[in-house]
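Residue-level listing of the chains:
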Amino acid sequence: MRSVKDGMASWIAALAMLLALAGEAAAHASLTAAEPRDGAVVAVAPGAFRLDFSEPVSPLVLRIVRPDGAAVDLGDFAVRDRSVEIEAPVELGDGTHVLAWRVVSSDGHPVGGSVVFSIGAPSAAPPPIADPVDRKVRTAVWLAKIGLYLGLFLGAGGAFALAWFVPVSRAGSRVVLALVGIGIAAAVVSPGLQGLDALGAPVGRFADPAVWRAGLATSFGLTVKLVLAALVAAALAALSRNAALSRAFATVGLAAGAYALTVSGHASAADPQWLTRPAVALHAAASAVWVGALVPLGLALRAGAPDAASGLMRFSTFIPVAVAGLIAAGIVLAVIQVETPAALVGTAYGCLLLAKLGCLAVLFAIAAVNRGRLTRPALAGDARALARSIGAETVVVLVILAIAAGWRFTPPPRALAIAAAQPASVHIHTLEAMADLSVTPGRTGPVSVSAMIMTGDFGPLDAKEVAFVFANPDAGIEPFRREAAKPGDGTWRADDVVLPLAGHWTVRLDILVTDFDIVRLTTEIEIRP
Amino acid sequence: MFKHIITASGLLALGTASALAHVSLEGEEAAIGSTYKAVFRVPHGCEGEPTNVVRVRIPEGLIAVKPMPKPGWALEKVRGAYAATYEYHGSQVSEGVTEIVWSGGSLADDEYDEFVLRGYITPALKAGETLYFPVVQECPGGLAERWIEVPAEGQSADDLEMPAPGVAIIEATGGH
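If you're matching them up, the sequences are chains D and P in order.
Sequential numbering from 1234 applies to the first sequence in the numbering used here.
Sequential numbering from 18 applies to the second sequence in the numbering used here.
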């Protein structure tokens, strides 16, 4: 009897306790308003913050993340009914701040969120910081590039001159063969050097197969193969005693070399490619015909070879056409790459172009003297002055090739502008849905976020609502939500997003598929400084 | 005594997810082969606005659904095809009510109300599963509270922002 009574009493007590606890149980709290408002730009630093919730809460974490990423915990706050009033730190500077909060409501579940606001204006992205430079690797890459150019322009170009301008004496064929050899050696080592540069690896890892794989995997890999083909053809042209065969090999070598330069490099990557790639090929082929002729012609003239005069004649007839093409293509590429005159002096790329143009002016002056003053005496039999002058011309050409090889390290103004505006993109694919998400530009500051959404099996997905939820746990930034709109191009977009810090952000897409079905996709995206 | 408190707390812990101010279901269990009475507890409107539409999507496996009319609210029964065909009192059933809409009423943000329907728990549902009823509360001005999230594998309803109310399916309670 007693035991039953005891049992009942304890059950009633337990039940009462359950009811008491359950009475307190309520919903997850949600933020209903904030001061400053989420996404606001305010003129002056606020003296206090206020967060209003759907029900009474107890703050667990209140912190402000400054524009430089420093987080400050806010300990000075008061809870009034459903509001939390927080004293602001005194020294808030200009830029985008994040007020991150984490509270627990009566149901015991902590919930968090962030209020993003800017003082004065949203934080702008700091200027891009250049990659750290490994001088040894860069020098090696530069020297290899010069070697490649020597092989292509003086070697393959020289073989072309041997075959077409001085086919009888074949003066300077050994020098041409040596230059082709330098080109081949440079082509053979350059994938390794390219790999070192691509991976940011030190010179010591030159023998590492992974480095070579990385080098060959870039578009430069194809260039190297084509260059090797061009140089082998050039070598055969220089060695061949059969005039027709020699001309065929020389022409193939020149064409392959010109094509090789169009498959990688800054200029070939520029739009419109239907214009830039042929321009690169024309510029390269015309340059090679011109500068390649210097060594065989100069040596033929100095040695007084029997075909020196006829070779000089052929060269003089042909060269205005080549130079016209060279200049036209060069102007097209310069305009596309430099974009604005100011960039000529304002960027490393522009400065190299100016230096190259300066050398080119010297080269044209020498060429004009050769053509106007020295060619006639040379044809009349006194070729020493012209041979000397051609020697000087060759030296200037070497300087120009060295400068052109330096472009390897200077992104053109066009590419710098594109790099800054480049979006950060990520593809998310689950069984239920997939999305191509991009943040433009993919760097800190005000950004536009857009997503192309499809079903998991690539079908159309006509969502009712889409929202982006950003968080940066590493920086202490709790999630904040931005509703997306449909601009009408098949994407969902939110323009009122400010991402104040660089680094890993988590992004969640909330896709309301029907009134009753929601799909949430979560991913990480890297935001550049 | 202490043991009973623990038992009660255990029940509380289990019940918490549905005892919140989310839309929740009154009963905690529904037996296979029985007619289940679902009582939806709607504890508020949306962000200060009154709720004037409550929509419930009928989950697959619950058939012969009948809502209970509610004074002050218009009742709409959206019919559609089921994903499967079910046997019900000797006949084959392949379509029926798939959504119920109570509309035109007013449930202020500081009020509480209940919405009731019943349906037959078919043997297609397995014991140990939870049967989820996605619910949408609509308010004037396009506002809506959507209790439509179903936990994925390894998730609990507590992990969700907008958990759909659910009821645990249990074995048939004999004698049917």
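Hints may be right or wrong, so weigh each one.
Claimed, not checked - Distance windows between CB atoms, simulated:
{"hint": "1", "chain 1": "D", "residue 1": "1274", "chain 2": "P", "residue 2": "54", "range": "49 to 55 Å"}
{"hint": "2", "chain 1": "D", "residue 1": "1669", "chain 2": "P", "residue 2": "121", "range": "22 to 28 Å"}
{"hint": "3", "chain 1": "D", "residue 1": "1276", "chain 2": "P", "residue 2": "87", "range": "48 to 54 Å"}
{"hint": "4", "chain 1": "P", "residue 1": "171", "chain 2": "D", "residue 2": "1722", "range": "33 to 39 Å"}
{"hint": "5", "chain 1": "D", "residue 1": "1692", "chain 2": "P", "residue 2": "98", "range": "17 to 23 Å"}
{"hint": "6", "chain 1": "D", "residue 1": "1719", "chain 2": "P", "residue 2": "87", "range": "21 to 27 Å"}
{"hint": "7", "chain 1": "D", "residue 1": "1276", "chain 2": "P", "residue 2": "86", "range": "21 to 27 Å"}
{"hint": "8", "chain 1": "D", "residue 1": "1655", "chain 2": "P", "residue 2": "98", "range": "47 to 53 Å"}
{"hint": "9", "chain 1": "P", "residue 1": "126", "chain 2": "D", "residue 2": "1276", "range": "41 to 47 Å"}
{"hint": "10", "chain 1": "D", "residue 1": "1655", "chain 2": "P", "residue 2": "143", "range": "26 to 32 Å"}
{"hint": "11", "chain 1": "D", "residue 1": "1747", "chain 2": "P", "residue 2": "87", "range": "31 to 37 Å"}
{"hint": "12", "chain 1": "P", "residue 1": "54", "chain 2": "D", "residue 2": "1276", "range": "57 to 63 Å"}
Think of the hints as simulated: they come from the structure by calculation, not from any bench.
All residues carry an ideal CB built from backbone N, CA and C; glycine is no exception.
Here is how each hint holds up against the structure:
| no. | hint | result |
| --- | --- | --- |
| 1 | D:1274 to P:54: 49 to 55 Å | 54 Å, holds |
| 2 | D:1669 to P:121: 22 to 28 Å | 42 Å, violated |
| 3 | D:1276 to P:87: 48 to 54 Å | 52 Å, holds |
| 4 | P:171 to D:1722: 33 to 39 Å | 37 Å, holds |
| 5 | D:1692 to P:98: 17 to 23 Å | 21 Å, holds |
| 6 | D:1719 to P:87: 21 to 27 Å | 36 Å, violated |
| 7 | D:1276 to P:86: 21 to 27 Å | 57 Å, violated |
| 8 | D:1655 to P:98: 47 to 53 Å | 49 Å, holds |
| 9 | P:126 to D:1276: 41 to 47 Å | 34 Å, violated |
| 10 | D:1655 to P:143: 26 to 32 Å | 51 Å, violated |
| 11 | D:1747 to P:87: 31 to 37 Å | 24 Å, violated |
| 12 | P:54 to D:1276: 57 to 63 Å | 59 Å, holds |
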